[in-house]
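Since the structure of chain A is already known, use the hints to place chain B on it.
Number of protein chains: 2
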Amino acid sequence: MTEAPRFLRPVTTPSADVGMAVTFEAPLPLDCGRELAPFTVAYMTYGTLNADKSNAVLICHALTGDQFVASDHPLTGKPGWWITMVGPGKPIDTDRFFVICSNVIGGCMGSTGPAEVDPSDGNPWGLNFPVVTIPDMVRAQKRLVEHLGIDKLLAVVGGSMGGMQALQWAASYPDCVRAVVPIACAARHSAQNIAFHEVGRQAIMADPDWQGGEYLLHNTKPAKGLAVARMAAHITYVSEMALQRKFGRALQNRDAKSFQFTPDFQIESYLHHQGASFVDRFDANSYLYITRAMDYFDLAEEHGGQLSDVFRLNSARFCIVAFTSDWLFPPVENKRIAHALNAVAAQVSFVEIKSDKGHDAFLLDEPEMFATVRGFLNHAAQDLS
Amino acid sequence: MTEAPRFLRPVTTPSADVGMAVTFEAPLPLDCGRELAPFTVAYMTYGTLNADKSNAVLICHALTGDQFVASDHPLTGKPGWWITMVGPGKPIDTDRFFVICSNVIGGCMGSTGPAEVDPSDGNPWGLNFPVVTIPDMVRAQKRLVEHLGIDKLLAVVGGSMGGMQALQWAASYPDCVRAVVPIACAARHSAQNIAFHEVGRQAIMADPDWQGGEYLLHNTKPAKGLAVARMAAHITYVSEMALQRKFGRALQNRDAKSFQFTPDFQIESYLHHQGASFVDRFDANSYLYITRAMDYFDLAEEHGGQLSDVFRLNSARFCIVAFTSDWLFPPVENKRIAHALNAVAAQVSFVEIKSDKGHDAFLLDEPEMFATVRGFLNHAAQDLS
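Quick note, the sequences are listed as chains A and B, same order. Everything in the first sequence is counted per our numbering, starting at 61 for the first residue and increasing by one. Everything in the second sequence is counted per our numbering, starting at 61 for the first residue and increasing by one.
Extracted from the complex, chain A is given alone in its bound form (with noise of 0.2 Å):
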């Protein structure tokens, strides 16, 4: 195990550090049947890690997050993408906790993905990586954990994918979590965010750029199916009502319609930036890879179909937060959660928050959400003084 952190400058962004990393050279297991070894896994930490290493969290980000929670984001110079929730007298507060977050596997922020290369013949990996799950990113978050010399997280947090995470932690390492918090998720992912994952990828590799998966190799980027996956998925992540109040049918930038095929409505404009933004920051097989690791998550698959037996004999409490107008997560399957964690007797709270903001409301101003995981970790914490 190579365990000295150390800067990375991935195959994607050349020009970027990525923050700390640490390579470790035991194979990590992969779901797949595969293991990866060498792997990587790029990493950020905010706050100290106190004396008897009790007071650690760690937050899971979601499909296109990374390790930049609560600091600049290297590539795009925008600021950490929960600095709302992260940071010095914030919910998860850094002056008492040690945060870390790290670049899940498959990801393209320093992690090991497939843009990375591959030691075996020193090209991008490519669609050669690994089909990556939700498992096998927190077993190799959990070997992260274990090199900071972390015994027992106080808490891991997540919303989306990232409560997928968090989730899968509580199932994985029971002994190894005191309390979790998912927001905004599922504990499997339903056929209709399967079927928009699956848009975004034919989107992608619908694109000749794409190069059947070695557009490194071949210097090229396929950024319109890209955008054109981004500005689908965009659309799952805000509710109907935010658009219309946002949106609306107003025009951009022009006083009647075109009658052109370019953007007449400020939706279309918006979207068209959310697609071109996204490209110049995100890696297209780390899209494929990463949707396909959500696709495939259903915690109570191992379990026959029971989710309330995942959870049995789990100590950790539990805290699920979900946002009524979130239709790609609805309340409905966040609740599910609650009820098999009820349904083992296990520690739980179960937060709803009105808003009209969808599924992205878990990455806005909460108000509540704020103060439900601030309350949730005092409380957390207190259990252990």
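Bear in mind the hints are in silico, worked out from the structure with no lab data behind them. There's no promise every hint is true.
Heads up, the list lumps identical chains together, so a pair's fine if it works in one copy or across two of them.
For lysine-lysine, the following BS3-like pairs were computed, each having C-alpha atoms within a straight-line distance of at most 27 Å [as the list claims (entries may be wrong)]:
| # | residue 1 | residue 2 |
| --- | --- | --- |
| 1 | K113 | K212 |
| 2 | K202 | K317 |
| 3 | K150 | K202 |
Structure of chain B alone, referenced to chain A:
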């Protein structure tokens, strides 16, 4: 006006007859300021026009529909798209009513559209075709109805974009229609609907085989882009619940996940099938034009946003039908139409049908819809005697 019905062989469907067609020499003025001359309307009729020409029912098709409402499709060989609704003894009873259904202008089944020949240069129109609107489509239908010698339609019936046309008939020609049946539609396209359409258009235009719209000249076809567009749209036609019930997370012809990017889940195979079969029957540019027409639709726009003003002095009776699980045109949008009609004391029935089949319910076996339409048309026909 060349009024003799003739059989057409459009550019895109060289081997298929498109039913009847009439070509008008007198120009069709368009909302964009341009005009079409000559222009052709391809159509089908069913049943017999009575002596006083009072039993004509115009059926308007949806985005990807056509004139083959109650007879086999010449390209696919499949039964008409609304044979449950239209035919002898059916709710729209061709033993009693003379049913007309025409392909919209901008379409690709024989009516003048982007795949037809531009008379100015002998090439397919492509993007030189003017951007048409729902009112333009209805203006062309009006010419057909006049050509058939009909002053006043007994009814105009349509679902989805067909419902938009039905509403537009009431707005444009209030004295020419006795009864209006807009099903599963809205008086305007929402921001979310525009967004999904723009994703589809971008997918088509991102396909290099689209060739800037001139694929027919280059003997190519943006099949991949059009398939992605159809896949994305198809998700919006069905409810989350129906997808979950029909497919859930079931795998397609395999016992375990493949850990590949080929379709593992039934929902993926189903979407692929939807995409592939659509490409065989539909023109990509028509898809651009017709989605644009829907996006542009906002019935109240010319009345300062006052929808009720559209229907002032309208003597037609209306029957508005909505489906509870339709999230493309949710009941609240259908209700808005009913409220606007109520506000001007128009004769209106509003029926919200409990269904979990989503938007496509209007094309499926929905006994309450059948009974509603049957009863409403019977009633409208009684007024005549």
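Going through the hints against the structure:
1. Only within a single protomer do K113 and K212 lie at most 27 Å apart by alpha-carbon distance; the minimum there is 8 Å, versus 82 Å between protomers.
2. In the homo-oligomer, the alpha carbons of K202 and K317 lie at most 27 Å apart only across protomers (24 Å), although the nearest pairing inside one protomer, at 54 Å, exceeds that limit.
3. Taking the closest pair of Cα atoms, K150 and K202 come within 27 Å of each other only inside a single copy of the chain (25 Å); across copies the shortest separation is 64 Å, beyond that limit.
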